[in-house]
Amino acid sequence: MLFVRRDKDGAVTLYIDEDWAVERGVDPSQLVKIEIPRELYANGTVQQLREYAATCLESLDNGNP
43 MLFVRRDKDG AVTLYIDEDW AVERGVDPSQ LVKIEIPREL YANGTVQQLR
93 EYAATCLESL DNGNP
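Residues 43 to 107, numbered by this note's numbering, are exactly what the sequence shown covers, in order.
Hints may be right or wrong, so weigh each one.
Quick list of simulated restraints, FRET-style, between CB atoms [what the hints assert, rightly or not]: (1) D51 <-> L102: 17 to 23 Å; (2) M43 <-> E100: 15 to 21 Å; (3) T87 <-> D51: 18 to 24 Å; (4) D51 <-> N85: 25 to 31 Å.
Straight-line C-alpha distance at most 20 Å; calculated EDC-like pairs for lysine to aspartate or glutamate [what the hints assert, rightly or not]: (5) K75 <-> E93; (6) K75 <-> E65; (7) K75 <-> D59; (8) K50 <-> E100; (9) K50 <-> E93; (10) K75 <-> E100; (11) K75 <-> D49; (12) K75 <-> D103; (13) K75 <-> E60; (14) K75 <-> D61; (15) K50 <-> D69; (16) K50 <-> D103.
Read the hints as simulated data drawn from the structure, not as lab findings.
Glycine included, every Cβ here is placed at the ideal spot set by N, Cα and C.
Sequences and hints are given; from them, build the entire structure.
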């Protein structure tokens with residue numbers, strides 16, 4: 043699981059937990075919790091994690107869980 047925030051420029055920022063995000067000045071209400079598949083979390087690159095998170099956020103924006 044990761045906490046994700048989409049920045050105003052469209053970039054996706056990943057946070058390992060909510061407390062870490064808050065320490066970096068992020069409003070917790072802007073975070074979305076996303077379940078990451080175990081294989082991707084263990085073996086994926088940061089870019090692959092961002093792309094997966096962006097796809098999940100787009101699905102949520104479109105009303106698809």
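Here is how each hint holds up against the structure:
1. D51 <-> L102: 17 to 23 Å: holds (19 Å)
2. M43 <-> E100: 15 to 21 Å: Given about 19 Å between the Cβ atoms, the range holds.
3. T87 <-> D51: 18 to 24 Å: holds (21 Å)
4. D51 <-> N85: 25 to 31 Å: Since the Cβ atoms of D51 and N85 sit about 28 Å apart, the hinted range of 25 to 31 Å holds.
5. K75 <-> E93: holds (15 Å)
6. K75 <-> E65: holds (17 Å)
7. K75 <-> D59: Given pair K75, D59 holds - Cα atoms ~9 Å apart, limit 20 Å.
8. K50 <-> E100: holds (14 Å)
9. K50 <-> E93: holds (17 Å)
10. K75 <-> E100: holds (14 Å)
11. K75 <-> D49: holds (15 Å)
12. K75 <-> D103: holds (14 Å)
13. K75 <-> E60: Distance of about 9 Å is within 20 Å: holds.
14. K75 <-> D61: holds (13 Å)
15. K50 <-> D69: Given that 20 Å is the threshold and the Cα spacing comes to 14 Å, the pair holds.
16. K50 <-> D103: The hint holds at about 15 Å.
Every hint, counting from the list given before, is met by this structure.
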